[in-house]
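Protein sequence lines correspond, in order, to chains A and B. For the working numbering, add 1425 to where a residue sits in the first sequence, where the first one is 1. For the working numbering, add 1425 to where a residue sits in the second sequence, where the first one is 1.
Hints may contain errors.
Same chains, same label: a pair holds when it works inside one copy or across any pair of copies.
What the hints assert, rightly or not - Derived lysine-lysine pairs resembling DSSO-like cross-links, with alpha carbons at most 30 Å apart: (1) Lys1542 with Lys1604; (2) Lys1604 with Lys1475; (3) Lys1608 with Lys1542; (4) Lys1539 with Lys1475; (5) Lys1473 with Lys1604; (6) Lys1608 with Lys1473.
It should be emphasised that the hints constitute simulated quantities derived from the structure, not laboratory data.
Protein chains: 2
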Amino acid sequence: MLKSRLAYQTVSTSLYRDFRRRETLPSSPDLLWQIESGLARSITWTDKGKIVTLGLWGPGSIFGESLSLIRPYDVECITPLTAFMLPRDSGPYLESLLDRVSCMQQLYCIMQVKHAKSRLMEFLCWLARQFGRLEAEWYYFDLHLSHQIIAETIGLERVTVTRMLGGLEQEGLLERVSKTAFKISPAKSFLNP
Amino acid sequence: MLKSRLAYQTVSTSLYRDFRRRETLPSSPDLLWQIESGLARSITWTDKGKIVTLGLWGPGSIFGESLSLIRPYDVECITPLTAFMLPRDSGPYLESLLDRVSCMQQLYCIMQVKHAKSRLMEFLCWLARQFGRLEAEWYYFDLHLSHQIIAETIGLERVTVTRMLGGLEQEGLLERVSKTAFKISPAKSFLNP
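Whenever a hint applies, use it, and build me the whole structure from the sequences.
Structure, rendered in C-alpha cells:
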C-alpha cells in the first residue's frame, strides 16, 4: 500500500531492528514503528480470547499504541520483518497516514460484503493489489497468510476459508502458482470496478 | 472523535460553507474539507446501487477524494453542516488523521462482530462515545441517524435494525429520552471493556 512512499530514507541504522515471524513489536505510548520490509498485522482479542485482525501492513506502514484506541493492541509479524523506530514528534509521515486511512476504509468496505465467498474474493483482490505484482491482466502474489489469519481478518471461520479457497480454485478465479503463490484477476473487484 | 482537537482555529471566514441535510460536499482531487459543526458520512455504492457507509464524522474530521481510494466516493450531510476548505499543502492536520485511523479501526472491529444484535449494540456504544455526553454511568446521545443509515453503516438490513432497536429497549440496554435522543450504558462494550 505504501510501496513507493517510504517517508524516511535517512534513518540512523541504530534505530533499525529485525523481528522473527510471530514476534510482537515492542510497544509504548510514545513509540512508533515504520516497516522497512516484511508483513505484519495489528490485532486485538476479545475476553474469550478470540483474535480480531485490525489490519495488514507492509513496507512504509506506521504503527504504535497512539494510532489505536483499541486495547489490547499488538503488532505481530506475519513474516520476518525489519522496522525502525520513528521519532514521535517528527513530521513527514503524513503520506503514510493518508494511505493508512484509505487502507482502513477499504478493509471496512470489504467487511460489509455479506456473502462469505464474495468477501473472501474481495479480500484476495485487495491483498493482490496491496502486496502483489501485476503481469498482463493477472496479479501474482505470495500468500504469506495462513487460512487462520485470513479468517481472523475478514470475520470468517478457518474451515470456511479453506473450503472456499478450494472452491475459488476450482472455478478458475484463483490459480495456484506454487505452494504459497497465487495469481488472481481482480478485474471484477467491488473496490476496483 | 475530534471534539477537542480542531487543528484550525484561524481559518478565513471566506473558506467556510454551510450545507443542508442530505447535501453532498463538493469534491475534487485537491480539495479537503474539515467539519466545523454537524454530522456527515462518507459513502460509496455498488453497481446495484446499494449504499455502503465508509465512516461517520463529526467536528474536526477531514474529508476529500485524496483520503480514499474507493470510487465512487461522496460525503453526505446527515445533519445541517458547516465545513471549511483546508489547503491541501498545509500541515497541522496530523492529529485529525491519527484520530481518523483510530476511528476506522474501531468501525472495522465492530464489523467483525458476527451476531447482528451484538454488532448493533457495539455500534450504538461507539456512537455514544463519539457523539454523546457522559452523565454518571450513562451516555446521552441524539440519534440523528435513520435506521437506514445505521443499516448501511454496519452491514445490516433496515428492518433488522428497527426490530433490534425495539428489542434492546425492551431489554433495558437502551433507553429512549425523546424522539431522537437515547441513553445507553457502554460499560460492556467490546471496544471499551
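Results for each hint:
For a Cα distance limit of 30 Å, the shortest separation of lysine 1542 from lysine 1604 inside one copy, 22 Å, qualifies, whereas the shortest one across copies, 40 Å, does not. In this assembly of identical chains, lysine 1604 and lysine 1475 lie within 30 Å of each other by CA distance solely inside one copy; the values are 28 Å within and 38 Å between copies. In this homomeric assembly, lysine 1608 and lysine 1542 come within 30 Å of each other (Cα to Cα) only inside a single copy, at 17 Å, whereas the closest approach across copies is 38 Å. In the homo-oligomer, the alpha carbons of lysine 1539 and lysine 1475 lie at most 30 Å apart both inside one protomer (21 Å) and across protomers (12 Å), since each shortest distance falls under that limit.
Taking the shortest alpha-carbon separations for lysine 1473 and lysine 1604, neither the intra-copy value of 33 Å nor the inter-copy value of 37 Å comes in at or below 30 Å. In this assembly of identical chains, the alpha carbons of lysine 1608 and lysine 1473 lie at most 30 Å apart only when taken from different copies (27 Å versus 36 Å within one copy).
The structure does not agree with numbered hint 5 stated previously, though it agrees with all others.
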